[in-house]
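Protein chains in written order, with the numbering used here: chain A, 1 to 248; chain B, 249 to 496; chain C, 497 to 744; chain D, 745 to 992.
Errors might be hidden in some of the hints.
Unchecked claim - Derived DSBU-like pairs: lysine-lysine, alpha-carbon spacing no greater than 35 Å straight-line:
1) D:Lys799 <-> C:Lys614
2) B:Lys366 <-> A:Lys141
3) A:Lys118 <-> A:Lys173
4) C:Lys527 <-> D:Lys982
5) D:Lys982 <-> D:Lys862
6) B:Lys389 <-> A:Lys118
7) D:Lys799 <-> D:Lys862
8) A:Lys31 <-> B:Lys421
9) C:Lys734 <-> A:Lys238
10) C:Lys637 <-> D:Lys917
11) B:Lys421 <-> A:Lys170
12) A:Lys31 <-> A:Lys141
13) C:Lys734 <-> C:Lys637
14) C:Lys551 <-> B:Lys421
15) B:Lys389 <-> D:Lys982
16) D:Lys880 <-> C:Lys527
17) C:Lys527 <-> D:Lys799
18) D:Lys799 <-> B:Lys384
19) C:Lys551 <-> B:Lys418
20) D:Lys982 <-> D:Lys880
21) B:Lys486 <-> B:Lys303
22) A:Lys173 <-> A:Lys31
23) D:Lys982 <-> A:Lys118
24) C:Lys551 <-> B:Lys303
25) B:Lys366 <-> C:Lys666
26) B:Lys421 <-> B:Lys279
Unchecked claim - To give an idea of the chain A side of the interface with chain D (calculated C-beta under 8 Å), a few residues:
27) Val52
28) Ser192
29) Arg245
In case anyone wonders, no lab produced these hints; they're calculated from the structure. Nothing here was measured: the structure is a model prediction, and the numbers come from that model. Glycine residues also receive a C-beta, built at the ideal position from the N, C-alpha and C atoms.
Number of protein chains: 4
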Amino acid sequence: MSYLNRANGYAPTGNVNSEPDLVQRPRFTNKVEVSLIDWMGRDGDIVNAARVSTKGAASLGMNEGARGLISYLMRNRHGTPFEHGAMKFLVTAPLFVWREHHRHRIGFSYNEESGRYKQLDPVFYVPEFARTQEGKPGHYKMTDSPGDLTALMEHELEYIATYAYESYDKMLKAGIAREVARMCLPVNIVSSCYVTCNPRSLMHFLGLRNAGEAQHEIRAVAQQYEAHFARLYPETHKAFIEGGRVAP
Amino acid sequence: MSYLNRANGYAPTGNVNSEPDLVQRPRFTNKVEVSLIDWMGRDGDIVNAARVSTKGAASLGMNEGARGLISYLMRNRHGTPFEHGAMKFLVTAPLFVWREHHRHRIGFSYNEESGRYKQLDPVFYVPEFARTQEGKPGHYKMTDSPGDLTALMEHELEYIATYAYESYDKMLKAGIAREVARMCLPVNIVSSCYVTCNPRSLMHFLGLRNAGEAQHEIRAVAQQYEAHFARLYPETHKAFIEGGRVAP
Amino acid sequence: MSYLNRANGYAPTGNVNSEPDLVQRPRFTNKVEVSLIDWMGRDGDIVNAARVSTKGAASLGMNEGARGLISYLMRNRHGTPFEHGAMKFLVTAPLFVWREHHRHRIGFSYNEESGRYKQLDPVFYVPEFARTQEGKPGHYKMTDSPGDLTALMEHELEYIATYAYESYDKMLKAGIAREVARMCLPVNIVSSCYVTCNPRSLMHFLGLRNAGEAQHEIRAVAQQYEAHFARLYPETHKAFIEGGRVAP
Amino acid sequence: MSYLNRANGYAPTGNVNSEPDLVQRPRFTNKVEVSLIDWMGRDGDIVNAARVSTKGAASLGMNEGARGLISYLMRNRHGTPFEHGAMKFLVTAPLFVWREHHRHRIGFSYNEESGRYKQLDPVFYVPEFARTQEGKPGHYKMTDSPGDLTALMEHELEYIATYAYESYDKMLKAGIAREVARMCLPVNIVSSCYVTCNPRSLMHFLGLRNAGEAQHEIRAVAQQYEAHFARLYPETHKAFIEGGRVAP
Numbered sequence: 001m002s003y004l005n006r007a008n009g010y011a012p013t014g015n016v017n018s019e020p021d022l023v024q025r026p027r028f029t030n031k032v033e034v035s036l037i038d039w040m041g042r043d044g045d046i047v048n049a050a051r052v053s054t055k056g057a058a059s060l061g062m063n064e065g066a067r068g069l070i071s072y073l074m075r076n077r078h079g080t081p082f083e084h085g086a087m088k089f090l091v092t093a094p095l096f097v098w099r100e101h102h103r104h105r106i107g108f109s110y111n112e113e114s115g116r117y118k119q120l121d122p123v124f125y126v127p128e129f130a131r132t133q134e135g136k137p138g139h140y141k142m143t144d145s146p147g148d149l150t151a152l153m154e155h156e157l158e159y160i161a162t163y164a165y166e167s168y169d170k171m172l173k174a175g176i177a178r179e180v181a182r183m184c185l186p187v188n189i190v191s192s193c194y195v196t197c198n199p200r201s202l203m204h205f206l207g208l209r210n211a212g213e214a215q216h217e218i219r220a221v222a223q224q225y226e227a228h229f230a231r232l233y234p235e236t237h238k239a240f241i242e243g244g245r246v247a248p
Numbered sequence: 249m250s251y252l253n254r255a256n257g258y259a260p261t262g263n264v265n266s267e268p269d270l271v272q273r274p275r276f277t278n279k280v281e282v283s284l285i286d287w288m289g290r291d292g293d294i295v296n297a298a299r300v301s302t303k304g305a306a307s308l309g310m311n312e313g314a315r316g317l318i319s320y321l322m323r324n325r326h327g328t329p330f331e332h333g334a335m336k337f338l339v340t341a342p343l344f345v346w347r348e349h350h351r352h353r354i355g356f357s358y359n360e361e362s363g364r365y366k367q368l369d370p371v372f373y374v375p376e377f378a379r380t381q382e383g384k385p386g387h388y389k390m391t392d393s394p395g396d397l398t399a400l401m402e403h404e405l406e407y408i409a410t411y412a413y414e415s416y417d418k419m420l421k422a423g424i425a426r427e428v429a430r431m432c433l434p435v436n437i438v439s440s441c442y443v444t445c446n447p448r449s450l451m452h453f454l455g456l457r458n459a460g461e462a463q464h465e466i467r468a469v470a471q472q473y474e475a476h477f478a479r480l481y482p483e484t485h486k487a488f489i490e491g492g493r494v495a496p
Numbered sequence: 497m498s499y500l501n502r503a504n505g506y507a508p509t510g511n512v513n514s515e516p517d518l519v520q521r522p523r524f525t526n527k528v529e530v531s532l533i534d535w536m537g538r539d540g541d542i543v544n545a546a547r548v549s550t551k552g553a554a555s556l557g558m559n560e561g562a563r564g565l566i567s568y569l570m571r572n573r574h575g576t577p578f579e580h581g582a583m584k585f586l587v588t589a590p591l592f593v594w595r596e597h598h599r600h601r602i603g604f605s606y607n608e609e610s611g612r613y614k615q616l617d618p619v620f621y622v623p624e625f626a627r628t629q630e631g632k633p634g635h636y637k638m639t640d641s642p643g644d645l646t647a648l649m650e651h652e653l654e655y656i657a658t659y660a661y662e663s664y665d666k667m668l669k670a671g672i673a674r675e676v677a678r679m680c681l682p683v684n685i686v687s688s689c690y691v692t693c694n695p696r697s698l699m700h701f702l703g704l705r706n707a708g709e710a711q712h713e714i715r716a717v718a719q720q721y722e723a724h725f726a727r728l729y730p731e732t733h734k735a736f737i738e739g740g741r742v743a744p
Numbered sequence: 745m746s747y748l749n750r751a752n753g754y755a756p757t758g759n760v761n762s763e764p765d766l767v768q769r770p771r772f773t774n775k776v777e778v779s780l781i782d783w784m785g786r787d788g789d790i791v792n793a794a795r796v797s798t799k800g801a802a803s804l805g806m807n808e809g810a811r812g813l814i815s816y817l818m819r820n821r822h823g824t825p826f827e828h829g830a831m832k833f834l835v836t837a838p839l840f841v842w843r844e845h846h847r848h849r850i851g852f853s854y855n856e857e858s859g860r861y862k863q864l865d866p867v868f869y870v871p872e873f874a875r876t877q878e879g880k881p882g883h884y885k886m887t888d889s890p891g892d893l894t895a896l897m898e899h900e901l902e903y904i905a906t907y908a909y910e911s912y913d914k915m916l917k918a919g920i921a922r923e924v925a926r927m928c929l930p931v932n933i934v935s936s937c938y939v940t941c942n943p944r945s946l947m948h949f950l951g952l953r954n955a956g957e958a959q960h961e962i963r964a965v966a967q968q969y970e971a972h973f974a975r976l977y978p979e980t981h982k983a984f985i986e987g988g989r990v991a992p
């Protein structure tokens, strides 16, 4: 179709924006972004928190026994020592990821861009490859699709995003409130959010979201979380893996 | 394109479904729906829970002193007696409402339709009137717009919804996974969710969401919640109002 | 010792209370009590909550497929459908049990007797048998003790409880505030509490507390919870057992 | 101490410890202790978290507008930006304080000494002054008592603590399990606990516990928390005070 010239790449042709300032040109991405902004605590703090139960306030830091203790706590689901840390991330991901992410209620704090308070930027997520599904809900097998399905997907997602953002922009310029105009935007528009959690709540997230059943995009967020987690808490992460990725 | 003739106005023409199974005709609504499905507890149970502190396990039910006790608990933010009840609702609302609603984490349980597990129905929310905003974030004054802005809004929202659902349907029929195809759907598509809360968590919701700063659509959900709440817990609701709508 | 005449049973001799109204005679119990006061929801409601994900708002109640669905949800740790119910218990147990119980923060609501607001009754928990422990923390093997250890335990617990309550009473009668006087009371004094939870949070409790590592007394509470739970939610309980008693 | 003379009544003489290792001599304290162990976040982080709503991911740190923003968030109960920090404390306080403290469930993590896993040390809290109460529950007026009531209180609390710890020790030495022997210990025995919270959950605690209605001892914990909080988050603390000490 003429409105989207694929010969020139995935982006809509200049026609959309032929009048200056009429509307920002949409941008497309197949990435989610995770930055670790701040953190508190290391493996040794988990050990100290656990040892207050058995030794009172004396704390000993990491040593060989400490590794065994972390492993013991994990296996026996003694979860509270894993709560005395914090990790703060800044994450950019599409709305359909946020809808899943925000369902994690316990040990997670969020502050996300608001479509009521600001004009959302025209950045949209389009997967690198289309996927097909087989199997029943909860047991889907997803397979990367051949090129023609990917081309169809790109075409459709970019086409809708482009027109939707144009409609959004038109409504805003006509004076319609942001909270109304945004109603036309698709769930692959990206949004930034601060996410703060603790090692325990993060492991719960990782167990469910860095897993085969999880959708590719939230898994991509989870994988980046897990890389940070493994670096900050190497012994805890090791015990999490060895324990079958079940949060304590 | 034939099925959406902009020259003829903004609603899709009847042609949309002239070919069987091509795509479901989109439906538009300006309503949110709330049904009370089940509940546990009444005013007297709050009184009994509070009195265990002062009288042990003996319980007395509602009486004049009980009304004063509810009012006292509310004013002094003794919140726990208001947690020993439950209300289960089935709510149908657009995704942008769910995005705000799901941010209520404590004392709220959710099960919502999944765009990964089922094909979403083509039902989209379009406000009865467009709105304009004045003022700064957090102090917006929203005003219902004159007819031409409402006409523009209806046109744009219906136009994008119609095209988006057609894209969605096309991708599904081509074999693309639901979790990918849904990425083009706008945030005014409606979705159903079970919501279970307790009187305390509901009052917290009502204090923030049945309030002037809240967006019209989540306020419409909150108003229906509040009508059920007032009927189930008349004394508690009265004390909530008298206390300035601050949850204990 | 003369102050506690075991020939007359476990209770202190009348000498303690020889002056009328000086102090209430302590009572001893080796039981914890759990009453189900109210509830909302059955197995079918879990099924309906889960099905909203896949079928939207239509609900179907229990049937053969429903049993499989509950089992599937449990095995795959899809926990939220198990939150749309409520059970309210009135529980009487010693303070050392409450100290463990109150550590269950999520999905549990509590209102307990207050030592600041009322004079606590002189009822104290004494185990039926003394126990000895072997092994390391977290792997204790507890064994019921021979009669002489049980006699020693009864003697000591009853002796301290009796004198402590007498001190408490003396301080109260002298005009000392309840919140100060109660500081002498031992942690085996019993207290009543309303406890409201949902099937998911209760299963988490049962997995940890109706288990070999749990202390006998909190396990006795958990066993009574579990009996009520099995009766109200037979299919869910069955799936919980079959899944190795791991809460979803 | 002269007031504790077995010859004159029920208190243990110095003989109690004349045989080495028979039993530790009890120690008494009228203090609670709070140490800040670790923290994450400052005022500027609250501002950044809030601004993601209105400006996306760009963050600006503290400045004059930032102060106004914190105040605005506090007054309008926008609580989530106050959750992206953490403070970890090590606190030593009597059990009756922990029983109140642990009732704070949301945004609080705890690891406390366990009477099942270790022998508790014989350290007991005795207030500096006895108190008398006037008024109804929830409106008590507490007054420091004249010297004779304080002397009575000290006598009774020290007497019971001494005997209880002696009983505890005797049961342990006879081979009774720690979890049973500890049942005789009074609620003024002190215990150490790691407490991790965030600025929002801490303000909720401070609003209820550093307040006139709170018991002196938990207020003493809260006051020390508040001193740390005011130092780490001066602007947030100022806004909390100006807003009437209501957590957002």
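>> Hint by hint, where does the structure go against what was stated? Just the numbers, ascending.
In response: Hint check: 1, 4, 5, 7, 17, 24, 25, 29 fail, others pass.
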